[in-house]
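Sequence lines, in order, name chains A and F.
The opening position of the first sequence corresponds to residue 1 in this note's numbering, with each subsequent residue numbered one higher.
The opening position of the second sequence corresponds to residue 1001 in this note's numbering, with each subsequent residue numbered one higher.
The hints are simulated quantities; they were obtained by calculation from the structure and are not laboratory data.
Just so you know, these numbers come straight off a predicted model, no measurement behind them.
Ideal Cβ placement from N, Cα and C applies to all residues, glycine included.
Hints may be right or wrong, so weigh each one.
Not everything, but these chain A residues come out facing chain F in the computed CB check (under 10 angstroms) [what the hints assert, rightly or not]:
no.: 1; residue: V55
no.: 2; residue: R64
no.: 3; residue: L91
no.: 4; residue: S95
no.: 5; residue: F103
no.: 6; residue: R108
no.: 7; residue: T110
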Amino acid sequence: EAGVAQSPRYKIIEKRQSVAFWCNPISGHATLYWYQQILGQGPKLLIQFQNNGVVDDSQLPKDRFSAERLKGVDSTLKIQPAKLEDSAVYLCASSPHLYEQYFGPGTRLTVT
Amino acid sequence: GEDVEQSLFLSVREGDSSVINCTYTDSSSTYLYWYKQEPGAGLQLLTYIFSNMDMKQDQRLTVLLNKKDKHLSLRIADTQTGDSAIYFCAASNQAGTALIFGKGTTLSVSS
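Just need the whole structure built from these sequences, with the hints factored in.
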């Protein structure tokens, strides 16, 4: 079974630029999550989708971050404009049910 | 909200047992998890335990849960150099959906 796919794996941008990350979850997984992992910390939930509907986006900085999951499969996370403090690894996870989440390799974002 | 705390570092010799400890604050957390993260990689689900269980064993891994003290531990028997990684404890949030992670424990195994 193929795992969660993410691209790109690495991205370097300047502050105030925009960037987008893509995630393809495990086939059949209805729930998709985006987490932000700052260096030296555990992942923090940004947004959770159930099929193509948003379940929880309470910790998503909506003034600059947006996410969508069209057709309930792939998802994109966008940052516009980026700030220095957005430098982190962005992890996508998917789940077939409530108690198992499978993570992708992440996208490492560096904002200069 | 939920808060998860872990010690930051653990150093053991190859062949010894490793015990990584974690505390959490929300007694309503339904599931508790251990994830492993190797350098440059995503998180690998090692094991999880339902809150009505005290112990779960899976090959070299033993999870102990003390619900009264809100304490979770992961024991790795016969620790190998390949076990060197960061181990994250996580608890389900109040809705039982997303995970709240600790800051991770870096396990260093010397030969």
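Comparing the hints with the structure gives:
Taking 10 angstroms as the C-beta cut-off, the interface hint given for V55 of chain A holds, the closest approach to chain F being about 6 angstroms. A distance limit of 10 angstroms between C-beta atoms decides the matter here; for R64 of chain A the minimum to chain F is near 21 angstroms, and the interface restraint is violated. Against a cut-off of 10 angstroms between C-beta atoms, the interface hint on L91 of chain A holds, since the closest Cβ of chain F lies about 6 angstroms away. Because the smallest distance between the Cβ of S95 of chain A and any Cβ of chain F comes to about 9 angstroms, under 10 angstroms, the interface hint for this residue holds.
This hint holds: F103 of chain A has a C-beta 4 angstroms from the nearest C-beta of chain F, less than the 10 angstroms allowed. Taken as an interface hint, R108 of chain A checks out: its beta carbon lies about 8 angstroms from the nearest beta carbon of chain F, inside 10 angstroms. Of the supplied interface hints, the one on T110 of chain A is violated, with its beta-carbon coming no nearer than about 14 angstroms to a beta-carbon of chain F, more than 10 angstroms.
Checked against the numbered hints above, the structure breaks hints 2 and 7 and satisfies the rest.
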